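Engineer: Take a look at the letters that make up each chain.
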Amino acid sequence: MNMKPMDLQELEKRFQEKIDKEIKIEPNDWMPDEYRKTLIRQISQHAHSEIVGMLPEGNWITRAPNLRRKAVLLAKVQDEAGHGLYLYSSVETLGADREATIDDLHSGKAKYSSIFNYPAVTWADIGTIGWLVDGAAIMNQVALCRCSYGPYARGMVKICKEESFHQRQGFESLVTLCNGTPTQKAMAQDAMNRFWWPSLMMFGPSDDESPNSAQSMKWKIKRFSNDELRQSFVDATVPQAEILGLTIPDPNLKWNEETGHYDFSPINWDEFWQVVKGNGPCNKERIEARTKAKEEGMWVREAAMAYAEKRALKKTA
Amino acid sequence: MSNKEWPLWEVFIRSKQGLNHKHVGSLRAPDATLALANARDVYTRRSEGISIWVIESNNVHASDPSDADSLFEPSDTKVYRHPTFYEVPDGIKHM
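In order, the protein sequences belong to chains A and B. Numbering-wise (numbering that gives the first Met the number 0), the first sequence opens with residue 0 and increments by one. Numbering-wise (numbering that gives the first Met the number 0), the second sequence opens with residue 0 and increments by one.
Just chain B, same shape as in the assembly:
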């Protein structure tokens, strides 16, 4: 007998060919096979997808929201990484 709860899985769906898999939510299942079967029933009842990924939630490593400033702020200050930073003479085409 096992009194353990079924593990938690994160579900990712590719809505159509050519697009990324996107996180849609989570569910509980004993193993990957049933996690996929459950994900199909819970998250794709109306042709929301053509492909499903499931990943056990404790295998997801996330950045800490309190580190967001130090991680992402530097890229905000580097405006020269964007093409609009540069001025080009009037009349220049295809650039």
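So here's chain A without its partners, still in its complex pose:
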């Protein structure tokens, strides 16, 4: 190289200047190790969430109440697979090994969104997941579209476009249930009761309990804090629940004229940490399903590779 080696401090200073000027960071650009590590962790866990998220919904494909709902659910679950793949592809641009990140999921080293450790026990859960869970995910992901790392930001743009169908189909399905028989409406309310709090937990720990947030904000990986995004979600969702005629399971939820936001009860963080640590209702089942899929599908991968190699050999012979 024709340049004199720059010291680390100088490189870090230039890096932060780029970030401050809103210049995106691309795969081959210099970046601090910690920035790379943070992104690898965040993007791979995001990818795992998409893939594990297929499980509770996939469970309902064969039992959807009619062909239209079934086609929609199939398309949605296929989208989640696609989203996982965009994200694994962007984590590979950081030099991470895709299969190693997946093995970290299976060993329990890597986490995924806790929400997918709750079961989808009724058909109303599917609508509720689309409305609340995808709604919360959109709130997070829209903010990530402006992330400083180019490949992640571009993936998010594509994901957000597709995700909005997920939320709308869920809401539509709930409108149908809520305008149906009293039993159907009760089923929707029951799903709401179970998914409301876990959906709020999707935004992660409170700002004062989230030690890595400040650095991520400085690097513009994150644009808004967990609590800010959670508040936006509550503000957006309460009027939607009113239209459905569903009650949000929080006696302290009320509009605050002064702040211009809804006040809500404190979150049960013990439950959140229990589920993160692996003690949620479905943690074990989810990881077993993913591990089984990899192990039992391995022969297909190997056969495809062997076939490709054999064909390549024939061509050169």
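For the record, the hints were derived by calculation from the structure and aren't laboratory data. Owing to the predicted nature of the structure, the values given are computational and were not obtained by experimental measurement. For glycine and all other residues, C-beta sits at the position ideal for the given N, C-alpha and C. Hints may contain errors.
Using C-beta positions, here's what the derived DEER-type ranges look like [what the hints assert, rightly or not]:
(1) B:His93 <-> A:Arg67: 52 to 60 Å
(2) A:Pro265 <-> B:Lys15: 28 to 36 Å
(3) B:His22 <-> A:Asp96: 38 to 46 Å
(4) A:Glu294 <-> B:Lys15: 51 to 59 Å
(5) A:Thr182 <-> B:His22: 50 to 58 Å
(6) A:Thr180 <-> B:Lys15: 46 to 54 Å
(7) A:Met5 <-> B:Ala31: 36 to 44 Å
(8) A:Gln77 <-> B:Lys92: 55 to 63 Å
(9) A:Trp298 <-> B:Arg45: 31 to 39 Å
(10) B:Leu70 <-> A:Pro280: 50 to 58 Å
(11) A:Ala70 <-> B:His93: 30 to 38 Å
Model the placement of chain B on the given structure of chain A, informed by the hints.
Structural biologist: Below, chain B alone, put in the same frame as chain A:
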């Protein structure tokens, strides 16, 4: 038995006739045929394209970002390559 991972492919999509193929991301596949099939499923679920190219990632040669100054800075200084550099008398038309 092969324990090798499937190679990485870069995917390019032509969104409609008359436009360039544009890079959209990457994926893993054992060969070009399956890379195309996977690219169709992963990147064109909503009429994003009418044509796909896949190129094995290790066949892509890229310029080094740290060379960007020496490669691209010279063109910034040559303002006379742009029509706005030149003054023409008022009233001149079609120029």
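Engineer: Run every hint past the structure and note whether it holds.
Structural biologist: Hints, verified against the model:
Look at B:His93 against A:Arg67: about 59 Å separates their beta carbons, and that is inside 52 to 60 Å. For A:Pro265 and B:Lys15, the hinted distance range of 28 to 36 Å is not satisfied, since their beta carbons lie about 52 Å from each other. Distance hint check: the CB atoms of B:His22 and A:Asp96 are about 22 Å apart, inconsistent with the given range 38 to 46 Å. At roughly 42 Å, the beta-carbon separation of A:Glu294 and B:Lys15 lies outside the given 51 to 59 Å, and the hint is violated.
Between A:Thr182 and B:His22 the beta carbons are some 51 Å apart, a value that agrees with the proposed interval 50 to 58 Å. For A:Thr180 and B:Lys15, the Cβ-Cβ distance of about 47 Å falls inside the hinted range of 46 to 54 Å, so the restraint holds. Between A:Met5 and B:Ala31 the CB atoms are about 41 Å apart, so this pair conforms to the stated range of 36 to 44 Å. The supplied range of 55 to 63 Å is met by A:Gln77 and B:Lys92, whose beta-carbon atoms lie about 57 Å from each other.
Remark: the range hint 31 to 39 Å for A:Trp298 to B:Arg45 is upheld by a beta-carbon distance near 33 Å. Distance hint for B:Leu70 and A:Pro280: a CB-CB separation of about 56 Å, consistent with the stated range 50 to 58 Å. The given range of 30 to 38 Å is broken by A:Ala70 and B:His93, whose C-beta atoms sit roughly 57 Å from each other.
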